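Got chain A sorted already, so can you dock chain B onto it with the hints?
Same order as they appear, the protein sequences are chains A and B.
Under numbering that gives the first Met the number 0, the letters of the first sequence match residues 0 to 343, in that order.
Under numbering that gives the first Met the number 0, the letters of the second sequence match residues 0 to 310, in that order.
Source of the hints: derived by calculation from the structure; they are not laboratory data.
Computed from a prediction, not measured in an experiment: that's the story for all the values here.
All C-beta atoms, glycine included, are put in the ideal place defined by N, C-alpha and C.
Hints may be right or wrong, so weigh each one.
Mimicking DSS-like on lysine-lysine, the simulated pairs with C-alpha atoms at most 27 Å apart in a straight line are [claimed, not checked]:
#, chain 1, residue 1, chain 2, residue 2
1, B, K128, A, K6
2, A, K322, A, K131
3, A, K130, A, K322
4, B, K287, B, K275
5, A, K186, A, K322
6, A, K13, B, K128
7, B, K25, B, K275
8, A, K131, A, K186
9, B, K128, A, K10
10, B, K128, A, K322
11, A, K130, A, K186
Facing chain B, according to a computed beta carbon distance under 8 Å, are these residues of chain A, among others [unchecked claim]:
#, residue
12, L53
13, Q55
14, I60
15, L62
16, A63
17, V86
18, T224
19, V247
Chain by chain, the residues:
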Amino acid sequence: MEVALLKQMRKIGKELALWLIPIVLLLFFIEEVSGFGDVAIEQLYIVYVDVLSLVQAGEPIFLAIIVEALPFILAGAIISSLIHEWVSEERLARWLPANSVLAIFSAGFLGFFLPVCDCGTIPVARSLLIKKVPVGAVTAFALAAPTVNPITLLATFFAFGMTVKMALLRLVFSFSIACLIGLITTKAARSRFSEQALHAATELTPNRTSSVGLYARVRSICDHTIHELFEIVGFLLLSAAVAAGFQVYRATHQLFINVHSDAVGVVIMMGLAILFSLCSGADAFVARSFMSFFSPGAVLAFMLIGQTLDARNLLLFPRTFGKRVALPIIILCVALTFTVGVFV
Amino acid sequence: MAIFQRQPLTWIRTMLMLTFAAFVFKLAATGRLGTLLAPTIRIIAVIGAILLIAVAIVAIIGLCNDYYKARAAAAIARSSHHPHEQAHAHGHLLSHHRDEVRVHDDLCCSPHASMHAHSHHHTVTRWSKWTLTMCVATLALAFSWSPRALGTQQLTSGGAVVPGQLDRAAWKLPTETIKSASPVADTTLARVATQFPGAPSRFLNHSFRLTGFVYHPSGMPSDYFIITRYFIYCCAADASPLGITVHSSDAWHYLNNTWITVTGTITSAPIPMVSKLAPTSWYQGHAKQPIMVATDVQLIKAPTEPYMYNS
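In isolation and in its complexed conformation, chain A is listed as follows:
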């Protein structure tokens, strides 16, 4: 089987090389020869140059998102592997309150102790699902963790000029929405959804190994980490490309939107948040910069939905929770955030 994989990799590699190498060489050549950007060619508005300069503008944004997000994804993958290897189901069951409602609330708080940004929560969520933590609690964790942590709250505090109001609103509503969705998921999960989620999670994760010896354990944690990492990294690359493209598009097209109604503003801000896919440290600052154009409710909605749903999670939730569970979660996120945005 491995030999066939190698053959296919070679085929894909050849196709890619046929396209990529000449393009890269061409760009490299132009950059070297013309001292691109330093010469009067800037003044010539040829479409070709425009496209090239857009790509040049987008490249640092694309790479920055990846370089910044990767340590957090790696941290999430490592934590997830540690849970997978070292924390047994029985221990987790003991830690979580038996009452399912309380379990959801405590899972929401778990994010406070695990400050991985929203990229890192998915692997951890998957591990928890495999350890038979109830779907509602895992949902609450996955939705609340990116926001309910000291780093994000501090960032929000600083971004809005050292005022507590926005940070507090964000904390309260993020936690409430996460727990509410967790409760609703639990109700629904009593039927067949939890099996779906468990099945989805197990399918994507190799079996737990009965390792003995420190070396074998460390090794199996590393192998599991690599597996989790490469499950996610494809989505990271795609969403980084979308976000970079959108940032450049927005800058070049000077999107000044005249918003006639608050509700429309909320919808626009939510859409932007999903497209930007910002990390939890930065989204407060970006949100602040929109304050003069949109209502405070819209800005709050931007921050709420940006961490629960973004281009990446939209693709990852169905894979992690199973389509049947993920779809209601997504719909509820959007609906609840919209409600908060309009009425705050």
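For chain B alone, coordinates are given in the frame of chain A:
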């Protein structure tokens, strides 16, 4: 090579991880991590790269270990003629399994391996192939085209024209030349953009020195440009340009993206439509719109820290 044929997927993945870590180290070593990330995040990125290498090395050691053990066991099984020894070798094989849990596909070559459960089997899905392709493409891009600090590319390409530019009269500076006796103070565009609206008197008629790059919006009169610099919070993705209009008699001489240090006096004049441009959008709604009348413009080398951060 036989050793790579055993688990090519894991080998490829570890190589990709090492290559990415090498990229981060390359940027850090050449001091170019600052074109992508804010200072705090840079440390996180380097730590992440070190972790990445550590995980990859453990995995590689494991892969080599598996390969040599399997080869040794197979050699023993093959070379042994005595059935008892063969059974012993096979038992040896089994005990290794017990110690080392993972029965990889590579041990399939042993005829009895199929009896053992595959506890660690990578299903190669379409998505994982696409992921690998994207990783390779991204790394190729990253290494072949060094990321440049954000400049005017995204500001000029949209063809943002300053309306009203044809009304040259509207661009008149105050007629009396402002000569300020105050000493020249170093400041940053971030400070000007945040503090000017609240306290314009602190800046007006004072002399300052600013560093930034040149931006000629299309339609701007040729003796004006906007000195710009990006402000970032975490990484280049949240960058926002901040700038101030500069009047200089040889403004046309400086091309877009040229890094300069301008010394001059700040004055205020109504400037039509400049608040519609991204770097000067902070002019919006404020009565006083600053212009820096340049007395001296120095070309400088592009700084290693091209962006401004929250101190």
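Verification of the hints:
no., hint, result
1, B:K128 - A:K6, "12 Å, holds"
2, A:K322 - A:K131, "18 Å, holds"
3, A:K130 - A:K322, "20 Å, holds"
4, B:K287 - B:K275, "15 Å, holds"
5, A:K186 - A:K322, "17 Å, holds"
6, A:K13 - B:K128, "14 Å, holds"
7, B:K25 - B:K275, "39 Å, violated"
8, A:K131 - A:K186, "16 Å, holds"
9, B:K128 - A:K10, "11 Å, holds"
10, B:K128 - A:K322, "22 Å, holds"
11, A:K130 - A:K186, "20 Å, holds"
12, L53, "5 Å, holds"
13, Q55, "5 Å, holds"
14, I60, "5 Å, holds"
15, L62, "5 Å, holds"
16, A63, "4 Å, holds"
17, V86, "18 Å, violated"
18, T224, "5 Å, holds"
19, V247, "5 Å, holds"
Hints 7 and 17 from the earlier list are contradicted by this structure; the remaining hints agree with it.
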